[in-house]
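Now for the letters of each chain:
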Amino acid sequence: MHYQVDSWGYYMPARSMGSDPMERVAKLASESAVVIFSLSSCCMCHAVKRLFCGLGVNPTVYELDQDPRGKDMETALMRLLGNSQAVPVVFIGGKLIGAMDRVMASHINGTLVPLLKEAGALWL
Amino acid sequence: MNVPTGFIHQEGSAFGFGELEEAIVLQGLNIRNDEAKAPLFTTGRPAATLEMFPSWPMRFKQTPRGSSKSGGGSTDSGSAVNTISSKTENQLEPESPISSKNTTPLDHQQQKQQEMMASDVSRTGASQNQSIAKLPQEKRRGSTSEKQLDAKTLRRLAQNREAARKSRLRKKAYVQQLESSRIKLTQLEQDLQRSRSQGFFLGGCAGAVGNISSGAAIFDMEYSRWLEDDQRHMSELRTGLNAHLSDSDLRIIVDTYISHYDEIFRLKVVAAKADVFHLITGMWTTPAERCFLWMGGFRPSELIKMLISQLDPLTEQQVMGIYSLQHSSQQAEEALTQGLEQLQRSLTDTIAGGPVIDGMQQMAIAIGKLANLEGFVRQADNLRQQTLHQLSRILTVRQAARCFLMIGEYYGRLRALSSLWTSRPRESMMSDEHSCQTTTDLQMVQPSQNHFSEF
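Heads up: the protein sequence lines correspond to chains A and B, in order.
Just so we're aligned: 76 in our numbering is position 76 of the first sequence, and the numbers increase by one with no gaps anywhere.
For any residue, its number in our numbering is found by taking its place in the second sequence, counting from 1, and adding 1000.
Nothing false has been slipped in among the hints.
With the Cβ distance kept under 7 Å, some of the chain B side facing chain A (calculated, not the full set):
| id | residue |
| --- | --- |
| 1 | 1332 |
| 2 | 1339 |
| 3 | 1342 |
| 4 | 1343 |
| 5 | 1379 |
| 6 | 1382 |
| 7 | 1383 |
| 8 | 1386 |
| 9 | 1390 |
In silico negatives: residues of chain A with every beta carbon more than 10 Å from chain B:
| id | residue |
| --- | --- |
| 10 | 23 |
| 11 | 27 |
| 12 | 33 |
| 13 | 80 |
| 14 | 93 |
| 15 | 95 |
I should point out that these hints are in silico values taken from the structure, not numbers from a laboratory.
Backbone N, C-alpha and C fix where the C-beta goes; we use that ideal spot for every residue, glycine too.
With the sequences and hints as input, model every part of the structure.
Right under this line is the structure:
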């Protein structure tokens, strides 16, 4: 597992100011096979991280409390999920999987692992 | 001396007034009118019959069966007297709970004796109205003609003896009744205490039991109703299987059963919000179920392990599916457990850590962290629900019906085990009430037999 701190100043200086937080979320989500938006203090986020590690996956984790624009992204995620809890939220292959309950449901019904393989996060 | 009216009684005498009076008459030798009282205090009559309730001030209730009060100068005890007809039955009303009837100070006894004797002297009744008046006469007569007793006196004495005897028997019966009620009460209190401490849901009085919150009480009631529904669904499954229904018909029954489970998970969501500790401590379940408790309910991977051996025959694909389900369930359980451990560490840090800068602030933070428990119980229930759904997808409809029946029966047996455990006979501290204990145990075992009747 590796943590990637946003370095927008390095990547996209032109779009750095005023970019839509939702766009940012989508962009970050598409950059890695498995992306988890999290808060360092959140225990459920810890659980979902442990789940993927247990599967042998190396997810990209963005700790929104350590991101200068984290607050906006949290709000955007809340709206996306229709939930008061923004995190944890998981993207696989750039596609939204959902919060913890959706992740677990997809693991139980056997759809999670194929998705991971498809995204290249898991190899046989 | 003033004798309180409450001390007056006549034939309702368990204190042997019949004998007393007889003694008085027989000792009439030395009794003189103006000293009527004195010898009464020194009859030397053994207070054997008075020993029954020596330390109790006796009070009397006049029963409605007629009490004629004829006061008047029939008494020389100098107090207002209730005269009671001989037909009236008076009940002795002990003021203190039955205690061991052994020792009393001797002077107390004598005082009782005095009181009783004094009231005896002032006792009057329809047929005995004359007796008091007669008494001085009799005493006088007795003093003159020693031991000369007429037939009337003899008959009256006999009657008194008889009445006294009856009264003693009545009192004995009453006392025995009180004793057994006391034992029963102690038993009930013990059972209640035991049930409470073991978290039994006493149907119908959930709100009044212990320190249960209203959210918890409501859930307990709903869960209890759900269990009744569960029984019903299970018999439907059973009949459906035995009747060899078509797959589509059986599917309806199975789907209904799954919805039945969905319902309890919905109820648990509400309960987790209201009182997460009630769920997470397992106080809503029975003791035996609590042994296996994981995050407020059953552990899905353990349930699958229990089912695997009984689900034969399975196709290879089904076997793989079941093992895969067990595996993913274990992984999910592990993740949630680690998340919960993280929560515990975080909570410890908040409460225990270093110098207390702001106690209230720390507490506020801790409460915020504690609130996360609800999320974990919800995710655990979500996992349980998903596991049951996946099971029904992997299995054929008949297999699923058998599977759910097995699950229902398994938990039914666990609950029965809990019942038997709580009502098992124990030696410990209940030595003198052991026999009563056994009776209760037997009574408690009876209802739980129902659990086995279906297997």
